[in-house]
Amino acid sequence: MDVLIQIVASGLTLGAMYAVATIGLSLVYGSLNMLNMAHGAILTLGGYICYAAIVHAGLHPALALIAAAFFCALVGLMIYFSAALPLLRAENFETNIFIATIGIGSVIENLMLKGFGPYPIPQPLAVDGQVVIGNVHIPLQNVFILGVAIVLMVGVAILLQRTSAGRAIRATSMNREAAQLMGVRVGRVYAQVLALSGALAAVSGIMISSIATLTPVMGGDPMLKAFIVCVVAGLGNVYGAVVAAIALGLLEAATQYVLGVRWSFATLLLLVILVLIWRPYGLFGKQQVVRL
Amino acid sequence: MAEATLEIVDASAGYAGRIVLDAIKLSARKGQLTAIVGPNGHGKSTLLKAISGLVPVTSGEIHLDGLRIDRLRPDQIVERGVIQVPQGDLLFPAMTVHENLLMGAYANSGGLAERLDFVFTLLPKLKERRNQTAGTLSGGERRMCGIGRGLMAGGEVLMLDEPSLGLAPIVIEQIYEVIFNLRREGRTILLVEENAERIAEHADMIHLLDNGRIAWSGLGAELMARPEIVETYLGV
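Residue numbers (this note's numbering), protein chains in the order written: chain A, 269 to 560; chain B, 4 to 239.
For the record, the hints were derived by calculation from the structure and aren't laboratory data. This structure is a prediction, so every number in the text was calculated from the model and none was measured. Among the clues, some could well be false.
[What the hints assert, rightly or not] Facing chain B, from chain A, some residues (calculated, C-beta under 7 Å):
| no. | residue |
| --- | --- |
| 1 | 428 |
| 2 | 431 |
| 3 | 435 |
| 4 | 439 |
| 5 | 442 |
| 6 | 446 |
| 7 | 448 |
| 8 | 449 |
| 9 | 451 |
Note that CB positions come from ideal geometry on N, CA and C, so glycine has one too.
Take the sequences, apply the hints, and build the full model.
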C-alpha cells in the first residue's frame, strides 16, 4: 500500500508538471498548427527569471512567479510578431516556423548561458516540509506543485469554456475561416495563445527547477516529454493532453519503481510508438483527411 | 427603387495570382433577395468570400451603404453587419449549439438575450438542441444552426452559400421559409444557389455567374423564360 501511495504521489507530481508544460504547446498547435520548438527554452527562461527576481531583485516568491510568467508571455508575443506573423503570410508555414523556433530556442538558451553560466543553480522558490500518509513521506514541494498545476488547469479550462476570448481560441482551432466569419480577429487570437503558452511554460519551468536544478538546457527533457504527451493525446487536444500527462506521469513513476529510472524514458517512447501504430491521430485526437 | 445596400463595382478577386472573379458588377438592395446562380466552380462561393474579406479583391470596389469595405479585414466587415453563412455551415463541431450561437454574436454582443430569443422563435429546433454538440446534429439541423449563428450577429446583410445543398426537400422548404421571413423583416439577402428553378420565382433579382463573370442579370421569371440560357449555363 505504501508503495502504491508513493507511486501515485510521484506520478501525480510528474503528471502535473507535464500537463502544465503541455497545455501551452497543445494550445499553440491547435490554433496555429505550429510546433513551438522554443517551448523548452521559454520554460527554462521562466525558471531563471523567477530565480533572478527572488535572489537579485528581492521579490516575494509569489511576485517572482508572476513576473516570470509575465516576462515569458512577452517572449511568446515576441515569437508571434517576429516569426509567426511574417511566416503565416508565406507558404509552408508549419515547416518554416518549426525551423524558426529551433533558432529562437537556441538564441534564448545561449543568452541564458551567457547571463547565468553553465553550472546548475538551485531554484529558491521551494516549500519546506512534508506530508506523511501511512509510512510515506511526501515533500510539501510536490503538494505545492500539484496545487499550482490544478489551479492553472482549472483557470485555463474556465478561460476556454466560459469566456468570449476562450471561445474565440477554441473556434479558431476548430475552423479558422469560420471563426473569421464570426468576426474573430485570428491574428489577435494567435498572439494571445502564444502569450498564454509562454506564461504557462514559465510556471512549468519554475516547478520543474524547484525539484531539480536550473541549467540553460534543462528545458529539453520536459519539452520532449510534452511532445510525447501531445502525440499520445492527439496534437492540439488540450483536455486530452491533461489526461495523457497525468497518465504518463503515473506510468513513469510506476516504471521507475518497478524497472528502474533508466527504463522510464524508453517505456514512454515505446508507448508513443504503440499509440502511433494503433491510433496515429492520438488517443483523444480525431482522424483527419488531408487533401494533397 | 430601394436603396442599394451592398454594391459591387467591377470587382476582380482570386487566389494566389489566379483570377476567379472578373469585373463583377452587381448590387443587393435592402429588403430584397438577390440570388447568384451558376454552375459549380464558377466563382459563386468566391464572390461571397471576397465580400467577407476572406479572398482579396485585386481590382474594383465593394461598398456597403456607400462605405468602401473591400480593404477591410474580415472581422471589420462582420462588425459592419455583413454576415456570411458559409457552404456546409462550417459549424464549430465540438461546441454546443448554444456556444455556436454565442460565437455568432462574438463581434456584436449587445442585446444577446433578445437575439437568442429571436433565433429560438424563428428556429425552435435549435432551442431543443441547445446543449447538444453541433457535430452530432443532422444535416438540416446543422444548416439551421448555421443560419441561426449568422442571425446572432445582428447584421443587416445576410449572405447564404447554398443553404439547401444536400438536404431533403422538406428541410429545404423549411429553410427557405426562414429566409423569406428574414426578407420580409427587411434584411438584405444575398443567396448563392445552384438550383435556379428553386429560387427563380422568389428572388427579386438573379445574377448568373459563369466563369467568374456575370453572364446574365434579371428577374427570376425572365430567366426561366430563356430556356437557352438555362440549358447552356445551368444544365436544367
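Hint check results:
{"no.": "1", "hint": "428", "verdict": "violated (11 Å)"}
{"no.": "2", "hint": "431", "verdict": "violated (11 Å)"}
{"no.": "3", "hint": "435", "verdict": "holds (6 Å)"}
{"no.": "4", "hint": "439", "verdict": "holds (5 Å)"}
{"no.": "5", "hint": "442", "verdict": "holds (5 Å)"}
{"no.": "6", "hint": "446", "verdict": "holds (4 Å)"}
{"no.": "7", "hint": "448", "verdict": "holds (4 Å)"}
{"no.": "8", "hint": "449", "verdict": "holds (5 Å)"}
{"no.": "9", "hint": "451", "verdict": "holds (3 Å)"}
Hint violations for this structure: numbers 1 and 2, all remaining hints satisfied.
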